[in-house]
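Novice: Chains as they are written, first to last, in my numbering: chain Z, 2 to 374; chain F, 166 to 505.
Hints in this document: simulated from the structure, not taken from any laboratory.
Ideal placement from N, C-alpha and C gives every residue a C-beta, glycine not left out.
A couple of the hints might just be wrong.
As the list claims (entries may be wrong) - Facing chain F, a subset of chain Z residues (Cβ under 8 Å, in silico): (1) 89; (2) 91; (3) 121; (4) 146; (5) 150; (6) 158; (7) 176; (8) 178; (9) 179; (10) 350; (11) 352.
Single-letter residue listing:
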Amino acid sequence: MHKPRLQLQASFDIAFLQFLDKRGQATQPFPEFATPDWLTQSYRQMHLARMVDDRAVKLQRTGRLGTYPSSLGQEAIGVGTGSALLAEDVYCPYYRETGAFLERGVLIEEIFANWGGDERGQQFQHAPHDLPICVPIATQLLHAAGVGFALKYHHQQHNTPLQVAVASAGDGATSKGDFYEAINIAGVWKLPVVFVINNNQWAISVPRHAQTATATIAQKAIAAGIPALQVDGNDVVAVHWAVRDAINRARNGEGPALVEALSYRLCDHTTADDASRYRNAEELELAWQWEPLKRLETYLRAQGIWSDGQQQDMARELAQVMERALNHWEDRPAEPVTAIFDHLYAQLPEALYEQYDQLRDEQRQRQAGSAGA
Amino acid sequence: MSETVQEITLVEAVTQALAYELERDPTVVVFGQDVGANGGVFRATEGLQKTFGTDRVLDTPLAETMIAGMAVGMATQGLKPVAEFQFMGFIYPGLDHILNHAARMRNRTRGRLSCPIVYRAPYGGGIHAPEHHSESTEALFAHIPGLRVVVPSSPARAYGLLLAAIRDPDPVLFLEPKRIYRAAKQPVPDNGEALPLDRAFILREGSDLTLISWGASVKETLAAAEQLSTEGVEAEVIDPATLKPLDIHTIIDSLEKTRRCVVVHEAARFGGLGAEIAAQVQEYAFDLLDAPVQRVTGYDTVMPYYQLEKVYLPGVERILAGARDALKYADRSAKRGDLR
């Protein structure tokens, strides 16, 4: 059969970055930001994220929280990403991002409130411009593109420094049209947006290989004409380097980028899930061997910048942080029931007055009834 | 200010409102498919890119989900996006963002972030368009808490309501009845004066019958009212204009006079806005009614290709038939209860 002659039109490649391997050994010299202080602070934050997730799961098991998505095993992505943003940048998260939430100043009691069925958990007192936790898959990526547009617009109109939108999503999200539409618009409009894909190998029960035929998720960015890098997502140094580099380039007006962070979901999808139904125990056991906290601790100890004493001090300190947060969460009075109307519109439309009054009166009757009982 | 007020069409009123608000408010950004150099497929954005530049009037890639979702992100960070869907039939990929995000951002952040977005879309039948270009699915959107659904039925209301929609701090779906985009001209002063949202407009006063309609059907509804007048029946014609939230008070006030009510809409009957209006009327004004609320609507069928669209759309004859059905019931000496 005749084979026509083809000419190479374009070619692409995907690079991988790692500083700290799964045994906790440096694979190359660390970047300047990775000082002993930065490393130990990152280690602390990853620990805190794991504690928050662990406590949240326990609270769910005892009926005090609703369904909760733990980020167990992905702490390096959250912390490495969250610490790369400036305060005035805008974070557009998916839901499995405890480490990043803590880095952004989201309060632990806000995290508990949110998953405990209280919208006030999305008020993010210390991250007022960040988007709320996004439950529908991949939609936040388009919002991030819109945020990026707004940030670029303000920068151009007022000649103020360019801020950057950083979005996160899981590997499953990259199968959705929203993902492709977001990276496409970000590329063609050169928006200051960084997409961080937490490739934890599982989208509930569907493994990475059943999600896409691509060799990497990073290469999907090539289709949108934006740079991409794959990193070891359990290496906080690599995650931080990659996200920070992408943010810096976006801030310099060089447009969007995508970072694929390889990790593993060591927990169930949520507390409502049982991963043993679809995932074998050996695979999970293997994944525990390259989890992010252990390898960083191994490295810190080998470098002589971490000791048993420091570990104990940190555990004590974080336990106090947790107790304070729990107290704040538990002590907060419930919202009035009419709160469901209060933020529906900027002003309650007249058409809703009657329903508002009805709900308020029903609640008064309930309260009078329980007071009389 | 110009001395002479130009007579303009509904689509020109849309352009005029967009231009006014782009000029007045630097946070307004207009975007969509072909809205730039081409001025939109209906020319609703004609000349805007030339006047306000490519930073503020932008052609997007062809992706409706993206258009809807971008607007959400933009609106949370201090912009006032006015996003155009080329036809209502292509809005559905964006529904996720309209329903799950734009309409609930304020609520789910307890007031921290909001989405002052206007989603514009030409809608309705009657222009001999291809498949998917002629539907009226306003009821789908009116069902969504946190969203406003606004439909103008004249150039003046298009201008005033679009200004109000852009200035409103919450998301608005602004549906433009394309059949009457160029049906009539009206002097519309370009004075930046908005019309109130959430308020119905009484287009014709009458004491025998209340006809309720919006969008393009208002034209046939007013024609039916004129016909009835020659027969000695004076119909009041009400255009709710904001379909959600609905100004039921104006309708009930009218029924205190007329006691008979016909709702006219192009959309399919089942679960349409006519059903909501009929339900509210019987809840608030059962004692006032001399006749059951009549609905003159599109059929519960797929919107036909254009050979048959005329039989689908409620025309003057069907509106008259509905009116006569409402009028055939005898006056009742209704006991007037407290309405609310």
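Novice: Would you mind marking each hint as holding or not holding in the structure?
Specialist: Do the hints match the structure? See the list:
1. 89: Given a least distance of 11 Å, the restraint on residue 89 of chain Z is violated.
2. 91: Because about 7 Å separates residue 91 of chain Z from the closest Cβ in chain F, which is inside the 8 Å limit, the hint holds.
3. 121: 5 Å, holds
4. 146: Nearest chain F Cβ about 6 Å off; hint holds.
5. 150: Hint holds; residue 150 of chain Z Cβ to chain F Cβ min 5 Å, cut 8 Å.
6. 158: 6 Å, holds
7. 176: With a minimum Cβ separation of about 14 Å from chain F (threshold 8 Å), the hint on residue 176 of chain Z is violated.
8. 178: 6 Å, holds
9. 179: 6 Å, holds
10. 350: Holds: closest Cβ of chain F sits about 4 Å from residue 350 of chain Z, inside 8 Å.
11. 352: 4 Å, holds
The structure fails to meet hints 1 and 7 from the earlier list, while all remaining hints are met.
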